[in-house]
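Novice: Working from the sequences, and respecting the hints, build out all of it.
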Amino acid sequence: MSDRSVHYNGFIGGSRALAAGFAVAAVLLFPISVSAQDDIPGTFDPDARPEQPDETDVRLTGTGLDTVDIGANLNHRSEIREQRPSFRSILSAFLRSDPQVRDRGTFNFLFEASLTSIVTQTEEGPWSTRWRPDIDHMRLGGIFPHTPVPGAVFRQRIGRFTVSEPTGLVFSSRVDGIAFDIDMPNIDIRLAAGYTGLIGVHNSNVAMSFPDLVERASADTWFGPPRIVLHTGIGLPEIIGRQSVTVGAVAQFDRRVSDDATPPEELLDSQYAYVKVDGPIAGGLYYDASVAGMLKQLDRPEEDLELGYGLAGRMRARYFLGVNDRHVVTLEARYGSGEVGAFDRYTPISTPSLGLLKSYSGGDLLLGMLDYSVRPFVRSPRRGARSLQLSVYGSPAFRADPTADDGYRGTEAGGRVTARPFSDLGARVWAGGFFPEPASGDDPEFIGRLELSMRY
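At position 161 of the sequence shown (counting the first as 1) the number is 161 in this note's numbering, and the numbers step up by one without a gap.
The set of hints was computed from the structure by calculation and includes no laboratory data. Check the hints yourself; a few may be wrong.
Across the chosen pairs, the derived CB separations fall in these ranges [to be verified]:
#	residue 1	residue 2	range
1	G355	E124	42 to 50 Å
2	D406	P126	31 to 39 Å
3	S361	S86	17 to 25 Å
4	I234	A431	23 to 31 Å
5	A219	M184	45 to 53 Å
6	E124	R379	51 to 59 Å
7	S440	E123	17 to 25 Å
8	R383	L305	56 to 64 Å
9	D406	M184	46 to 54 Å
10	P185	D325	38 to 46 Å
11	A273	P436	30 to 38 Å
12	F144	F377	17 to 25 Å
By construction, the Cβ of each residue, glycine as well, lies at the ideal position given by its N, Cα and C atoms.
Specialist: Structure, rendered in structure tokens:
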């Protein structure tokens, strides 16, 4: 057995013991089944953090906690794709406490759990149902405004939480780990380290290598790909006028091990550096532009180590018009290098959120999107009418080299209707079609989706 495998076995054993200890402590302290919506798949805006549900304020005496917030929600998604329906329901609840420590700061504790039901129809016809329980979040954190640096605020988190880098090009997923944030008047610092191998596979966004994809598609897989992820970022808010700059780096290390003593069929490590610039241009016009570079190492048994270089970029402009931003026009372009010239296929750590019904891996991709949305009753005195939003979009997709014979992949076009008639009930209907390149011989694919979100 290699040193790498021995190191992995020690790490995974310790990680499982740590997670078990957290779970036992949570059950002993709070004997309630709970969860909160954070980044549950199927939420309305893939680029926005979903809102937390309304909570009920409950005082628990004798716990040492002044107040405890308890809430729950139910998310459901029905989808029909390639004439086969599928259903996904997530019942979750959470328990959260934010006790203050005199004038020194605020601690926060969050425990979340969920039960996911996934019902799909196989190609042969029979229905398949999977039940997946998971601890979505279990973290202890704190916010401390009194530091040796004047005006600085220190934040820390430990446990299970979500880590995201700001570009949307590299990584966004739940981890078991630790994070530190330091916010100062002219600079923000982010540090995080975590492990992804104990996250439920249905809640994991990590999908890099071929073994990752095989395990993700298997009904027998319970946990996500085992990877150690490190992230550091430095933000310079409004450094030039109202323009902000963020730079950072992400690294991931594959800790996969075979069931027997043989080495894994492949191990994929990668490192990334990124830059993001964003701010207003004029009036209601805003932009953000990001670029990320990748270095990856692919290790296969009895083969030389393969090195690869990749590049990704994203540019987006949004124009807000009318009273209360009634109209929003979004123009976006994305690029992920393919095996062209000196570059290899760009491989992000987690599957990117593109806001489309059709999914792409993020590599060998040149994608454009034009989206228009309107809230026709934004001035209505009724909450439900004000929340109604209508959207239409179109998105052509190419390979990284659009001049190649198969450079054009196809175009997706569709529309969305979103509404939250009550504070605890939201819905979205989404319909679209993907029209492939005519020479491919593939038929158009029509996709429909219904999403419901209820809060208690």
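Novice: With reference to the structure, classify each hint as holding or not holding.
Specialist: Comparing the hints with the structure gives:
The hint said 42 to 50 Å for the Cβ distance between G355 and E124, and at roughly 32 Å that hint is violated. The supplied range of 31 to 39 Å is met by D406 and P126, whose beta-carbon atoms lie about 35 Å from each other. For S361 and S86, the hinted distance range of 17 to 25 Å is satisfied, since their beta carbons lie about 20 Å from each other. Judged by the Cβ atoms, the range 23 to 31 Å given for I234 and A431 is violated: they are separated by roughly 42 Å.
In this structure, A219 and M184 meet the distance hint of 45 to 53 Å, their C-beta atoms being roughly 48 Å apart. About 53 Å separates the C-beta atoms of E124 and R379, a value consistent with the hinted range of 51 to 59 Å. Between S440 and E123, the C-beta spacing of about 21 Å keeps the proposed range 17 to 25 Å intact. R383 and L305 have their C-beta atoms about 58 Å apart, which keeps the hinted 56 to 64 Å range intact.
A hinted range of 46 to 54 Å for the beta carbons of D406 and M184 is consistent with their spacing of about 50 Å. The given range of 38 to 46 Å is broken by P185 and D325, whose C-beta atoms sit roughly 29 Å from each other. Separated by about 35 Å at the C-beta atoms, A273 and P436 satisfy the suggested range of 30 to 38 Å. For F144 and F377, the Cβ-Cβ distance of about 44 Å falls outside the hinted range of 17 to 25 Å, so the restraint is violated.
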